[in-house]
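Mapped onto our numbering, the consecutive letters of the sequence shown carry residue numbers 1145 to 1573.
It is worth saying that the hints were derived from the structure and are not from the lab. Each hint should be verified, as a subset may be incorrect.
Said to hold, decoys possible - Per label pair, the in silico range of CB-to-CB distance:
#1 E1502 with A1386: 41 to 49 Å
#2 D1324 with D1348: 44 to 52 Å
#3 S1469 with Q1234: 42 to 50 Å
#4 R1381 with R1541: 46 to 54 Å
#5 A1471 with D1403: 43 to 51 Å
#6 S1469 with D1403: 42 to 50 Å
#7 A1482 with Y1254: 25 to 33 Å
#8 G1504 with P1213: 25 to 33 Å
#9 S1487 with A1549: 34 to 42 Å
#10 P1570 with G1472: 45 to 53 Å
#11 G1506 with A1482: 36 to 44 Å
For glycine and all other residues, C-beta sits at the position ideal for the given N, C-alpha and C.
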Amino acid sequence: MGGPARRRRRGRRRRPGRGLRRDGRRTATLRRAGRAPGARTGDRSATGDPVTVLDALRPAVPGRFGSYPVEDVTWLLTDLSGVALERGTQDREEAIQGGVHYSEMLPVEYQPDAAYLDLFTAALAQSADRLATAVGLVGELVWGAAAEHGVPPVLVSLARAGTPVGVLLRRWFLASRGVDVPHYTISIVRGRGIDEVALAHVLDRHPAAAVRFVDGWTGKGAIQRELTEAVAGWRARHAEHAALDDRLAVLADPGACTDLYGTRDDFLIPSACLNSTVSGLVSRTVLRDDLIGPGMFHGAKFYAEHADGDVSRLFVDTVAGRFGSVAGAVAAALPAHAAADRSPTWAGWAAVSRIAEEHGIGDVNLVKPGVGETTRVLLRRVPWRVLVHPGRIEDLRHVRALADARGVPVLEVPDLPYSCVGLIRPVRA
């Protein structure tokens, strides 16, 4: 099997000690104390010389990172919990649109009020059967795709929106087949690719044909495109992994970007309503040269301080608790679902291009289609407008609540191909 790829460092190599990051702040320096050489791939010698903060970082430790049960997921991430990475919404938006990559900083975690949490709880109760059915349908497609190669699936979810879906798929296979499949969660970053160190870790332990990539939903399909490019590059360098499949398995595929989905309806997946508190208390992933060195996994933070508001287990327990009651519906719907023409049409990407042109937006990355992506815009970007389909307004109460709280206009668009679309304000227009 191919070993971990050495990640190419961008820009010139900095000497150990104090330096400047792209955001203008100085890197932290730490003195190594009693650390054995060779403890991590990519270690330098343990000399006691001043070193940058990345040399003190470690992989996430099972049981001490994330709030899911240890058996539900293995986090292939570097633990950045002790590093200050958050920037205010406006500051972060200006930085992103000014050329700083979004993966180099984190948004401040939005803490919902009681009324918004009530919306989440109500949405979860109303959609639990539908979610469980979608899990079952995509789960059976995933199982079948791996079975074509004579192996059970190995789930590799994309942190963090894919993580709870990976947990649910693992539980589906356990409940429906009595098979406990491995589930890893790794990072992929738009414009920078997949974490090849984490991917190598998985492929050193499992056959390539077994690996099934998992995410929550699709928008316009940017992550599916990123994954396809990353897998193509990996296969070109690792002929022994030619069977590695680049298709995303998702609960909802309104963008028509993959053929492994539970539904193509743009409906609310309640985990999109919240941030870390429904994703194992883990942040978005981070990729920055002064923190993530060669041989290290991409990073993320564990927000243990938000444990009182954590509903990560509530979400997966509630949906998994409906597996028994929807098993018959899944079995009845599966033949038609599997036999249907599920070929990707990329209709979502075409729709986004049209919406961008109609609203005078020059960058399609500022157009976020679908319930999940619109919610993300309202939670952690600088929203400009929200477009909604008139027939779906009753399903979008949490979107309306967030938009009202932030003073964002909500416009009804009768021919909208999604339930809703979030438009990010072009700050440098």
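In ascending order, which of the hints set out earlier in this document are inconsistent with the structure? Checked against the structure, the hints that fail are numbers 2, 5, 6, 7 and 8, while the rest are satisfied.
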